[in-house]
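Chemist: Each chain is listed here by its residues.
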Amino acid sequence: MDVRFRTVVLLVLFFTVAFTLRLISLQILQPEWKEKAVSLTSDRQSIPPSRGLLFARKGELLVGSRAAHDLVVLPRQLPETDSLALSQTAQWAGMTVEDLVAALDKAKRYSRYKMSTVKRGIDVEEHARMAATIHLHPGFSFRTRPVRNHLHGVAGHLIGEYAEASPKDLEIDPFYRLGDRIGRSGLERVYELELRGVKGRESVLVDARNRVRNTTLQEGDDRPAEAGKDLHLTIDLPLQQLAERLMQQKKGSVVAIEPHSGEVLALVSAPGFDPDILVGPNRGSYYNSLASDPDKPLFNRAVKATYRPGSIWKMVQGLIALDEGHIQPSSRFLCDRNIIGCHGPHRWDDLRLAVIHSCNPYFYRVMKRMVNAGEGESRFEQDAAGLDHWRNRVSAFGFGTRLGGRLPGTSTGNIPDSKYYDGIYGRHRWDFGTIYSIAIGEGELLTTPLQMANLAATLANRGWYRTPHFIRSVGEDGKPPGLGVQMDTGVDSVHFEPIIRAMQQVVENPSGTGRRARIRGIEVCGKTGTVQDEPRKDHSVFIAFAPKDDPRIAISVYVENSGFGGEWAAPIAALLIEQYLEGEVDNDRRLQRILDADLSNPYAEEATPVSAEPNAP
Amino acid sequence: MTRNSDILRNIDGLTILLFLMLACLGWVNLISAATGPDGAVEWGLNTLHGKQGLWLVVSLVLGFLILQIEGTFFIRTAWLNYAFTLLLCALVLVVGRKVGGARSWFGVGGFGIQPSEFAKMGAALALAWFCSKEGGLHAFGQRIRAAIIVGIPAGLILLQPDAGTVLVFLGFVFAMYREGLSGAVLIVGFAAVVMAVLTILSGAGNLTYPLIGEANGIFRFWLMFVATATASVLLLRNATLPRYRGRITTRAIASALAALIFSIGMHLALEEVLRPHQRERIQVLFGLEVDNPDADYNIRHAKTAIGSGGWTGMGWRNGPMTGYGFVPEQETDFIFCTWAEEWGLFGAVFFLILFSSFILRILFIAERQRSQFTRVYAYGVGGILFMHMLINVGMVLGLAPVIGIPLPFMSYGGSSFMAFALMIAILLRLDAERFSVLR
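Sequence lines, in order, name chains Y and H.
So that you can map any letter, position 284 of the first sequence is 1429 in our numbering, and since no number is skipped, the others follow by simple counting.
So that you can map any letter, position 293 of the second sequence is 331 in our numbering, and since no number is skipped, the others follow by simple counting.
For the record, the hints were derived by calculation from the structure and aren't laboratory data.
Worth double-checking, as some hints may not be accurate.
[Said to hold, decoys possible] Not the full set, but computed from the structure, chain Y residues with beta-carbon under 8 Å of chain H:
#1 THR1165
#2 TRP1178
#3 ALA1182
#4 VAL1343
[As the list claims (entries may be wrong)] Cβ-Cβ distance ranges computed for the label pairs, FRET-style:
#5 LEU100/H <-> GLY1345/Y: 57 to 63 Å
#6 PHE473/H <-> GLN1175/Y: 50 to 56 Å
#7 ILE186/H <-> ALA1353/Y: 43 to 49 Å
[Claimed, not checked] Okay, the calculated bits of chain H under chain Y, using three or more residues with CB under 8 Å as the criterion:
#8 337-347
#9 395-405
Think of the CB as a built atom: it goes at the ideal place given N, C-alpha and C, for glycine as much as any other residue.
Let's have the full structure, built from the sequences with the hints guiding it.
Modeler: Spelled out as structure tokens, the structure:
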């Protein structure tokens, strides 16, 4: 055989063997190539757990879940674009070129290798249209995430917001990644840990464009996501819906409580908002319009706003004075109207009549006795001690406390004590004569609508209450501990009888201030309040419970700058009591009058003629 | 004259078998490369594998027709063939379609024809004609003229520019060597290439040496080279007869010294003469890691794909590295990655054995010819196939610079496949007539 043939054959064999050795080295001896391939082609993805749902009292779904699509971009994969391609992409995305350029610049500044959101909350039709041609726009993709679906659009303040986690949230809790959502306010925030569930993990195959191509990969620490727990709310959906309807075009709040359990049946703050729009694609503009509204629709008045309670306060005064022995139910005081004014034709009322007539001088006297009863060397010290003792008794009704409330921003209100007045006037520089306006629920006294409803519940229970709360059950676990704790006011239940009889007559008596709260067939006990807010119109206040002997609902209604208590707050309360107890509203005329009333302008000429005296009960 | 059917009975069955095996294997692999792992395989002439299938059928029919033509036709028309392919190569520079910076395609509808692929066949026929006329390449002038015959098409292709195909023309060196070119040319050239590659590879990074500390990796290479050379010289002394011993020892020491000096000179040239970006370009050519993470993207991903194959591979249409687009140009120049990832070491070595068996069979056929024309032609075909394997597989394995040429029978490309099919068919016909050739 030719030697040159042999040489060539050997060369061929030499390289075949060399390549084989190289293959053995790459494929068998160097496992790092395999690892590298795995790290390039597989991506560890975290599976978001489905968030717990919210249900109303009778099991109605309040807050569900639906899919929302965000348009995201991976800047690394963006081609060098000319203005034509850019305008085509903008048109495809339904954005202006300027918005798109701004979003892309922001994405590039954040990271070239990480997804950034360009447009959020794309609706179903638009998503379908865009998905058909997304291959023409390299670098863009969709990210699907579940968003809250407020089926009835109610109780937005109570439920709160589920929105993108802030950089601070990301720092505090490693659970959250950029773009994740977190309960920002309301119950969504209070029960975040229960609602959010546990994230799962899975390994997926991705292609060179980082798109997921295959999810069947199984790795050791893959695990499914654990869904969050559902929240079963105490809210009665029909009651809440009606309350929100009634409070449209009004400012103020409604709080209804089931007296024996402390469960809140309805919680309304007006003006409100539609929580479903806040999770949708128009969130930005809607949020801005809400935030800039001078009536502060985002502010939960029911637990955060503090108002002077007005005449409803007189019942607290009467109860404490009875229990302290300063008065008897039969005690009468002259309605002299020297120091403090009054209204209506009465002169010599006992306690029951004083409540019915809301007699200011009567409760001025009552408060004077209580404050003067303090021990001390001087009049100033006696009054200071008396005031502090009074404050302790009042606090037992839950005033000046958060009532065990867990909602963020829940106010305590203000029950002044001696230190408070020392701070204003100086020590030994004030006595009862300085502070007497708190006797009739005015002055420095501040309470929240929730506290007022709780007073109604306490009256219904004749002396005790359970802390108001919003949750019946978390998942299947029942009521979380610490909710609905029974509290005692320390006032003997016998003292409630004259007050409750008076409350009944406020409603039942044809000339009673709360006669607009009368409901056929139901014994309603109520008390009106009218709180001055010069130069605007008065606040209209009403608290009530019903039925009288087996109370199932206690309610407070506060309508800002609308008129006197019996005019607006009382009929609203009555409609709600009727709705709750009867399951429907029979009184169409009353309903229509409330629905038609626009009381949102505090300086408006009176919408309807005032049927009772100005600045009354 | 023997009847045509008797001649066809002498056609080499083993070559046809190996050819068909390579063609099938290549097409099956192309289906995987073209479709990726997800979904069902789509068919149609708009898909790569569909187009390639059409080319396969057309090529086989053409090859079958060529088998019917007498071998003397190809010998007599060798110059015509050569001239025609040269004309095409010249024409494509004027009217060709520019793809990826090179003007190397004639566009015909959805199909493209690459004249440079056919130029290999023309050059092989012309070189065979020239050598058989001259009776070998023994004189200097003969060698120069043979080099010109190969050089003209290579020069035209370099103008496209397509450096990869030009390198393939080096395959004719094997034919020329067989016909009388000095072996020293081959050995020195080969040794120089090996030394250059090893120098560049070892000199690219630093190593930690005992006692000395960190220094350039080239010193280890030089030390190892000196040690190996010394050992080889000592072994040679013992293995040779005493009367040749002195001369062989002297030559061995001289060659080793020359190689060492070449390596040192090359390293110094790399380090001192070249500017950093030029050096980087060479290092990237050799698939070495450099500071720019994207510079060696292609070769890094090719090696990753191959390395992830393991013993038996990921399975057909199941390789994520190639299937999900991490390896560039994986239907053409990097097609071997798909095969190696999906069929593993077994598949890859099987392919290498199949391919080199094919080359060796062609060389074996060459050696059994009485006709010098057929022998040179066969060496030309075998040499070209060998250069393709050397450059393409060497590239994807990170052993050769990244130079884009197809892997015959595997890469997508109709011209390439058809040109090889025609070349093989002509060879088979010439070989079948080997008994009717007198001299």
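Chemist: If a hint holds in the structure, say so; if it doesn't, say that too.
Modeler: Structure-based check of all given hints:
Here the hint on THR1165/Y is kept, as its CB sits about 5 Å from the closest CB of chain H, short of 8 Å. At a threshold of 8 Å, the smallest CB-CB gap from TRP1178/Y to chain H is about 2 Å, leaving the interface hint in force. With a cut of 8 Å, the hint placing ALA1182/Y at the interface with chain H holds, because the nearest CB-to-CB distance is about 3 Å. Below 8 Å, beta-carbon pairs count as interface contacts, and VAL1343/Y has none with chain H, the closest being about 29 Å; its hint is therefore violated.
For the hinted restraint 57 to 63 Å between LEU100/H and GLY1345/Y, the CB-CB distance of approximately 58 Å keeps it satisfied. Checking the proposed 50 to 56 Å range against PHE473/H and GLN1175/Y shows it holds: the Cβ atoms sit about 52 Å from each other. Against the hinted window of 43 to 49 Å, the Cβ-Cβ separation of ILE186/H and ALA1353/Y comes to about 46 Å, which satisfies the hint. Note: the stretch 337-347 of chain H has 8 residues with beta-carbon separation from chain Y under 8 Å; the three-residue rule is met and the coverage holds.
Under a criterion of three residues with beta carbons nearer than 8 Å to beta carbons of chain Y, the stated coverage of the stretch 395-405 of chain H is upheld, 5 such residues being counted.
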